[in-house]
Amino acid sequence: QKEVEQDPGPLSVPEGAIVSLNCTYSNSAFQYFMWYRQYSRKGPELLMYTYSSGNKEDGRFTAQVDKSSKYISLFIRDSQPSDSATYLCAMSANTGRRALTFGSGTRLQVQP
Amino acid sequence: EPEVTQTPSHQVTQMGQEVILRCVPISNHLYFYWYRQILGQKVEFLVSFYNNEISEKSEIFDDQFSVERPDGSNFTLKIRSTKLEDSAMYFCASSVSQGQQETQYFGPGTRLLVL
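Sequence order for the protein chains is A and B.
Per the working numbering, the first sequence starts with residue 933, numbered consecutively.
Per the working numbering, the second sequence starts with residue 241, numbered consecutively.
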C-alpha cells in the first residue's frame, strides 16, 4: 500500500464550481498536513497547512483532516481558470522527522 | 514577499560529470531541504539540513550526493557522478520552525538533464 494516495485526475470543472480534492494515507504517525499547488514546470506553492484533525479556511480554500479515517480534503469554492494546476497533498510525522511525503498530485482544469 | 531562489534553472550535463545545484533559502529560515521530481512522478524527499549538518536523508541520497552551506546564504546539492536516472527537477525548500508550525517553502526548481 502506498503511503499517500491521491487520484491523479485530470479533474475538469466549469468556472464557479466547488472542487473537492482528496488524499488518503496509511501512516498513522502523520500529524502535519499540507496542500501545495504546482503549475507546470514550477515549484510547489504552499496553499494550506493543518496540524492534526479539523478544518481550516482561507479565502476560497478549506482544508479538512480526518485522522480517524486517514483522509484529507481540499475544497475550492468559486473555482477560477487561474486555479488550473496540479494540487499536491503532503504530510509529515511528529517524530522529529521533517521530510514531507507527497501524493502524486491531482491535475485540475477549470473551464471558463 | 521573501522567496527561495535556485540557480541554474536548467542544467544539461554528460553522464559521469559532477553538477552543483544552488539555492538561496529564505533569510531567517533554519531548516533546508532538497527534493526531486522525476518527470510525471511524485515529489520525493532527498535530504534535510539543520545547524550545518544533515538531519535526515532518504534512501535516494546515497554517496553520490552531498549538501553544503558554504556561506551564510547559499545551500548547495552536489551530485558527484551523474547517472541518466538523476534527470529530474530538483527543488530546494526552507522552513522556520515556530512551535508546531512547519511550513516548507519551495524554490522554482532546477531542471537537470543527464545525457
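None of these hints come from the bench; they were simulated from the model.
Don't take each hint at face value.
If you want a taste of the chain A side facing chain B, the calculated C-beta under 7 Å gives, among others [as the list claims (entries may be wrong)]:
hint : residue
1    : Pro940
2    : Pro942
3    : Leu943
4    : Tyr971
In the BS3-like style, the derived pairs of lysine-lysine whose C-alpha atoms are separated by at most 25 Å in a straight line are [stated by the list, open to error]:
hint : chain 1 : residue 1 : chain 2 : residue 2
5    : A       : Lys988    : A       : Lys1002
6    : B       : Lys297    : B       : Lys282
7    : B       : Lys323    : A       : Lys988
8    : B       : Lys323    : A       : Lys1002
9    : A       : Lys999    : B       : Lys318
Think of the CB as a built atom: it goes at the ideal place given N, C-alpha and C, for glycine as much as any other residue.
ask   = Which of the listed hints are not met by the structure?
value = 1, 2, 3, 4, 7, 8, 9
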